[in-house]
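As they're listed, the protein sequences go chains B and C. Mapped onto the working numbering, the consecutive letters of the first sequence carry residue numbers 1 to 242. Mapped onto the working numbering, the consecutive letters of the second sequence carry residue numbers 1 to 131.
These aren't lab readings, by the way, just hints derived from the structure by calculation. Yeah, the Cβ is synthetic: ideal placement off N, Cα and C, and Gly gets one too. Incorrect hints may have been included.
[To be verified] If you want a taste of the chain B side facing chain C, the calculated C-beta under 7 Å gives, among others:
| hint | residue |
| --- | --- |
| 1 | Val76 |
| 2 | Ala108 |
| 3 | Val190 |
| 4 | Ser211 |
[What the hints assert, rightly or not] Heads up, incomplete: computed chain B residues facing chain C, CB under 10 Å, no partners named:
| hint | residue |
| --- | --- |
| 5 | Trp11 |
| 6 | Leu20 |
| 7 | Trp34 |
| 8 | Pro43 |
| 9 | Pro82 |
| 10 | Phe185 |
| 11 | Arg191 |
| 12 | Ala227 |
[Unchecked claim] Simulated coverage check for chain B against chain C, where a stretch passes if three residues somewhere in it have a Cβ under 8 Å from a Cβ of chain C:
| hint | stretch |
| --- | --- |
| 13 | 126-133 |
| 14 | 162-170 |
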Amino acid sequence: MPTNPLLTDVWVYLAQTPLLWLTATLLAYLGADWLYQRAGRMPLLNPVVVAIALLVGILRLTDTDYQTYFDGAQFVHFLLGPATVALAIPLYSYIGRLRAMLLPLVLALLGGSATGILAAVGIGWLLGLEPTILRSLAPKSITTPIAMGISEQIGGIPSLTAVLVILTGIIGALFANEVLLRLRFRDESVRGFAIGLAAHGIGTARALQISTEAGAFAGLAMGLNGAVTAILVPLLLRLLGL
Amino acid sequence: MIAALAALLVFQLIGEVLARTFALPIPGPVIGMLLLVGVLLVRGATPRSLQATATGLLAHLSLLFIPAGVGVIVHLATLQRALLPLLATLLMSTLITTVVTASLLTLFRRWFSPTALAQPSPPSDVQEEPR
């Protein structure tokens, strides 16, 4: 770290306040988003991926531990709650369409949710992942705070689950829409619902770029899948003997 | 904007309190979201400031996942140990889930429409049911 005494003083001060890492998080995001827009929204330059990579690099260079970083960044993390509530607004604007397909939505939700859990645990098991990782993997399709809670309840590693959840979201944001389009799923509400169910908030952020309608259905799927997965994971894992 | 933010927090708070009081498996913010949809339905319109605040917040939804994502730094060793199988599992299971969900939704919509839309009946007897 800095060898100059004045710089050391400044660094000691900054390292103690939330200001530094909160600012760094916002700047990393703005920079990553700028790059993403400049590159014509190239999927591989997803701003979440770039910003995380950037921040991990900075933390390693400055020898800062994650807890110190999170003490600052938690203010951003906190906004996940109100943002989830805010999904009520796009949802409400599509309430007519939603009502018209309520039963199909509920059935697709149950089937999709079970598929998400079984596919993750099943493929992971086939590829030889260890039981702790499998348990951390089970709730990976749902939003971070709920997934971490479930992971803890079933004997996974909550912080590892958070990472797997984010990676899942990024994979969904990168590939899900393209795969659905290639398979000729044209309806934006169907695509949005599927992406939100499989890839939670990061998928929902991607779906919002497709259209408000896709975003509204993605938000709905994300919210409901959080609840359904919380119920299904303990049941299915018991059935699988994990 | 402050009023709208306060409204979102109030709904989240009610959601969290309900979730904890009744030990519901549904997360607090999701309950808050459903309650807010209910209130908007009764009200019949979204207040303009709430619309603006929600749109602003949701436009940068991906930003909110960065702090949790940086947690990858704690698990670099575990991830490196099982990198390929883990990435393969995440990729395949996420895409399978997406495609299965989209297929189910398309299938069930076809199944239940257009006659079943007015009066949804249990899936088993939909096709035989005379209308």
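Evaluated hints:
1. Val76: 5 Å, holds
2. Ala108: Cβ of Ala108(B) sits 4 Å from chain C, so the hint holds.
3. Val190: It holds, given that the least Cβ distance between Val190(B) and chain C is near 5 Å, below 7 Å.
4. Ser211: 13 Å, violated
5. Trp11: 19 Å, violated
6. Leu20: Since the shortest Cβ distance to chain C is 14 Å, the answer is violated.
7. Trp34: Hint on Trp34(B): violated, closest Cβ of chain C at ~13 Å, above 10 Å.
8. Pro43: Pro43(B) check fails; min Cβ-Cβ to chain C is 13 Å, beyond 10 Å.
9. Pro82: At about 4 Å, which falls below the 10 Å cut-off, the nearest Cβ of chain C leaves the hint on Pro82(B) intact, so it holds.
10. Phe185: This interface hint holds because 5 Å falls under the 10 Å limit.
11. Arg191: At about 7 Å, which falls below the 10 Å cut-off, the nearest Cβ of chain C leaves the hint on Arg191(B) intact, so it holds.
12. Ala227: Because about 4 Å separates Ala227(B) from the closest Cβ in chain C, which is inside the 10 Å limit, the hint holds.
13. 126-133: Check passed, 5 qualifying residues.
14. 162-170: With 8 residues in contact (Cβ-Cβ under 8 Å with chain C), the coverage given for the stretch 162-170 of chain B holds.
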